[in-house]
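If you're matching them up, the sequences are chains A and B in order.
All residue numbers for the first sequence refer to our numbering, where the first residue is 177 and numbers rise by one.
All residue numbers for the second sequence refer to our numbering, where the first residue is 100 and numbers rise by one.
FYI, nobody ran anything at the bench for these hints, they're computed from the structure.
Where hints are given, some of them may not hold.
Here are the simulated DSS-like cross-link-like pairs (lysine-lysine), alpha carbons at most 30 Å apart as the crow flies [what the hints assert, rightly or not]:
{"#": "1", "chain 1": "A", "residue 1": "371", "chain 2": "B", "residue 2": "158"}
{"#": "2", "chain 1": "B", "residue 1": "165", "chain 2": "A", "residue 2": "318"}
{"#": "3", "chain 1": "B", "residue 1": "243", "chain 2": "A", "residue 2": "472"}
{"#": "4", "chain 1": "B", "residue 1": "198", "chain 2": "A", "residue 2": "472"}
{"#": "5", "chain 1": "A", "residue 1": "463", "chain 2": "B", "residue 2": "240"}
Away from chain B, derived, C-beta distances all over 12 Å, residues of chain A [what the hints assert, rightly or not]:
{"#": "6", "residue": "194"}
{"#": "7", "residue": "299"}
{"#": "8", "residue": "302"}
{"#": "9", "residue": "310"}
{"#": "10", "residue": "319"}
{"#": "11", "residue": "323"}
{"#": "12", "residue": "469"}
{"#": "13", "residue": "480"}
{"#": "14", "residue": "481"}
{"#": "15", "residue": "482"}
{"#": "16", "residue": "484"}
{"#": "17", "residue": "490"}
{"#": "18", "residue": "510"}
{"#": "19", "residue": "685"}
{"#": "20", "residue": "708"}
Glycine included, each C-beta is placed from N, C-alpha and C at the ideal position.
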Amino acid sequence: MKIKGTQLFVKALIEEGVDTLFAYPGGMAIDIFDALYGETSFNVVLPRHEQGLVHAADGYARATGKTGVCLVTSGPGATNLVTGIATANYDSVPLVCFTGQVPTSLIGNDAFQEVDIVGICRGICKYAVTVRRREDLGRIIKEAFYIARTGKPGPVLVDFPKDIQNALGSDEYPQEVSIRGYKPSTGVHMGQLKKAADMLANAKRPLFLVGGGVNIAGAGEGMTALAEKLGVPVVTTIMGKGALPTDHPLYIGNMGMHGNVASNTAVSECDLLFSIGTRFNDRITGKISEFAKNAKIVHIDIDAASISRNIVVDVPIVADAKEAVEKFSEIAVPPKHAEGWAERLQALRAEKPIAMPREGDLTPQDIIEGINAQFPEAIVTTDVGQNQMWTTQFLQLRGKSKLLTSGGLGTMGYGLPAAIGAALGRPDMPVVSVSGDGGFQMNEQELATAVCQELPITVCILNNSYLGNVRQWQEMFYGGRYSCTCLKKRKGCAAWCSNPNAQCPPYIPDFVKLAESYGIEGIRVTKREEIAAAFERAKANKKAPTLIEFIIDREADILPMVPGGNALSEMVTEYKKEGK
Amino acid sequence: MDTAKKRWLSLYVENDVGVLAKISGLFSGKSYNLLSLTVGETEDPTVSRMTISMVGDDKTFEQVKKQLNRSVEVIKVLDFTDLPIHKKEILFIKLRALKREEMEDVFRSAAVFGVAVTDYDRSSLILESVKTESENDDILKYYKKHFLSRMEAVRGGAVAVESVSRSDR
Numbered sequence: 177m178k179i180k181g182t183q184l185f186v187k188a189l190i191e192e193g194v195d196t197l198f199a200y201p202g203g204m205a206i207d208i209f210d211a212l213y214g215e216t217s218f219n220v221v222l223p224r225h226e227q228g229l230v231h232a233a234d235g236y237a238r239a240t241g242k243t244g245v246c247l248v249t250s251g252p253g254a255t256n257l258v259t260g261i262a263t264a265n266y267d268s269v270p271l272v273c274f275t276g277q278v279p280t281s282l283i284g285n286d287a288f289q290e291v292d293i294v295g296i297c298r299g300i301c302k303y304a305v306t307v308r309r310r311e312d313l314g315r316i317i318k319e320a321f322y323i324a325r326t327g328k329p330g331p332v333l334v335d336f337p338k339d340i341q342n343a344l345g346s347d348e349y350p351q352e353v354s355i356r357g358y359k360p361s362t363g364v365h366m367g368q369l370k371k372a373a374d375m376l377a378n379a380k381r382p383l384f385l386v387g388g389g390v391n392i393a394g395a396g397e398g399m400t401a402l403a404e405k406l407g408v409p410v411v412t413t414i415m416g417k418g419a420l421p422t423d424h425p426l427y428i429g430n431m432g433m434h435g436n437v438a439s440n441t442a443v444s445e446c447d448l449l450f451s452i453g454t455r456f457n458d459r460i461t462g463k464i465s466e467f468a469k470n471a472k473i474v475h476i477d478i479d480a481a482s483i484s485r486n487i488v489v490d491v492p493i494v495a496d497a498k499e500a501v502e503k504f505s506e507i508a509v510p511p512k513h514a515e516g517w518a519e520r521l522q523a524l525r526a527e528k529p530i531a532m533p534r535e536g537d538l539t540p541q542d543i544i545e546g547i548n549a550q551f552p553e554a555i556v557t558t559d560v561g562q563n564q565m566w567t568t569q570f571l572q573l574r575g576k577s578k579l580l581t582s583g584g585l586g587t588m589g590y591g592l593p594a595a596i597g598a599a600l601g602r603p604d605m606p607v608v609s610v611s612g613d614g615g616f617q618m619n620e621q622e623l624a625t626a627v628c629q630e631l632p633i634t635v636c637i638l639n640n641s642y643l644g645n646v647r648q649w650q651e652m653f654y655g656g657r658y659s660c661t662c663l664k665k666r667k668g669c670a671a672w673c674s675n676p677n678a679q680c681p682p683y684i685p686d687f688v689k690l691a692e693s694y695g696i697e698g699i700r701v702t703k704r705e706e707i708a709a710a711f712e713r714a715k716a717n718k719k720a721p722t723l724i725e726f727i728i729d730r731e732a733d734i735l736p737m738v739p740g741g742n743a744l745s746e747m748v749t750e751y752k753k754e755g756k
Numbered sequence: 100m101d102t103a104k105k106r107w108l109s110l111y112v113e114n115d116v117g118v119l120a121k122i123s124g125l126f127s128g129k130s131y132n133l134l135s136l137t138v139g140e141t142e143d144p145t146v147s148r149m150t151i152s153m154v155g156d157d158k159t160f161e162q163v164k165k166q167l168n169r170s171v172e173v174i175k176v177l178d179f180t181d182l183p184i185h186k187k188e189i190l191f192i193k194l195r196a197l198k199r200e201e202m203e204d205v206f207r208s209a210a211v212f213g214v215a216v217t218d219y220d221r222s223s224l225i226l227e228s229v230k231t232e233s234e235n236d237d238i239l240k241y242y243k244k245h246f247l248s249r250m251e252a253v254r255g256g257a258v259a260v261e262s263v264s265r266s267d268r
């Protein structure tokens, strides 16, 4: 039977088991939306901006482990995806993004809403392709889903011209995929694993460094069991956080730029760094020449290109984290000479925890600990900046809990839409988003989506009225010159102000009134005693989001900190504010 | 630290729209130092073959190969740097406003260099040289020395294929 391209598109999504489609219509996608009209096989969600849309699909994918699917129109619809595609690419999130396109006969004519989105996205996605012939459509969609979810997962873009949408063709959707240039690695090199096992057995100070790859592969339980079997301590990157329960005795903490003292000390002092699923980016390593310089390094990664790229390793192993951890578990024996090492790190962790001074009425630590107390299991999303770092520092992850954060690209505006995607994909779990007042405003329009979809998200805004992370750097490294970081600043303010006080203009918007305008409850919290009650009220709103604005110290800092270019051992743990 | 040197790659890629942009974009986006890139269809019309020369240290070169290998559009990556291969580049040199005695010199030099005179008028001609890059470098140097203001040079970038019994690079 001959069917239209749009009908094959719908059939393909059904066959791929898609249950949620994040979609925003437009002129070059209207035929696809016509085919979706009345479709009940999956939920079609209409966000309020394509950037919010793609972050929602990303949050859905991270929360469920399934592939997030986007559909937008050509031109601006497509370009609005770009930040979200890059975000997903850097954090290895499987997405398939369909973009409408002008008819093939018009491509290259600078037609209305025409843009070369495949060209734009080529360097920021796993694969991008334009469907140029109707007979290729089924194969291309099948390949897109396969490429997105296999190997190192990532976003795939399929550009879908209007004439192909309407062309009649075969109704067959292929069952098999064969791509001659794409064969994701399978299996593990046992010889390399044995070498690693020998090194571990003889190490005096062995350490596991767990990255996001472990969470993506679903290898957290295996990793926990492996660490327990060997008695080897574990540190994580922020993307690896949650692989072990954060209250596990062998879990030393997050390492890197804002890691705890014990974790960064562990990396600096270990003699075997056994790393799994991390690409050793600059936020992790600090000064490269000083990174783990006493250690032999074993590196397991699904992506050969991530191995020996930033850090030259001694034992490279290209493999899926889950399979590698399982196989390694079978052959590994506890280190023979590591007495006292784990205990020393545990003692250091207890002695030098990350702790903010409990000054003033309300600290970010109070808020994140409030989340820990009120939500024993939850999916927590963050924006980027101080809110993100405080969350990664203080959030407890237990059981099915997950942390979704833009770790690689560092995308402000990620938190709220990602929470929407997570809530749609995991209705069984409470979802909490943590944003700063800056990042929240980058995608605040998505409150409407959360309301329309009846999603009970607890939306937390940590309001310091600054772009706080940049402000902190300006304070610490730029002599307190607060250039363009104050969100209260108005036309009448002094050009050189770096001294917030009671005379500052009022903040806009009023987030509580903003919440009310969306017909939802908005709560302003100014004291730590009010935190629990605010979360209780949020949890009582079962069919709508609740916005909680926390007014925090305007100049609260994230500490410890490894200043850019410093070695991990050169952490700043205290910062004395001048004249304060 | 190992030093940067010249490297050769031969790629089998999908013969599709955008593949050249993908590969060249990978080099520019990651700041790899690309020297030359040639591409053409193979005996299989769905496959193109690229010959790439670049400069880089061992670590960078390993990364380039890995990045190319992980591209969906790349079917196979061959490292020709230290393999026996045949490698040739085409070079055209157009010379004009030649006097009679200069013309004679060009014909003599072409015969010595083993370069073909492929087109001719009374005061102009075109030389065609199919040789290795370094031979073409030398030939070009000679004509630049004597005819710089009256010449045009067009180089194609090298193509390479693995040897059977002997090599020529």
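Structure-based check of all given hints:
no.: 1; hint: A/371 x B/158; result: holds (23 Å)
no.: 2; hint: B/165 x A/318; result: holds (25 Å)
no.: 3; hint: B/243 x A/472; result: violated (55 Å)
no.: 4; hint: B/198 x A/472; result: violated (71 Å)
no.: 5; hint: A/463 x B/240; result: violated (46 Å)
no.: 6; hint: 194; result: holds (22 Å)
no.: 7; hint: 299; result: violated (5 Å)
no.: 8; hint: 302; result: violated (7 Å)
no.: 9; hint: 310; result: holds (16 Å)
no.: 10; hint: 319; result: violated (8 Å)
no.: 11; hint: 323; result: violated (6 Å)
no.: 12; hint: 469; result: holds (16 Å)
no.: 13; hint: 480; result: violated (5 Å)
no.: 14; hint: 481; result: violated (4 Å)
no.: 15; hint: 482; result: violated (9 Å)
no.: 16; hint: 484; result: violated (7 Å)
no.: 17; hint: 490; result: holds (15 Å)
no.: 18; hint: 510; result: holds (34 Å)
no.: 19; hint: 685; result: holds (38 Å)
no.: 20; hint: 708; result: holds (49 Å)
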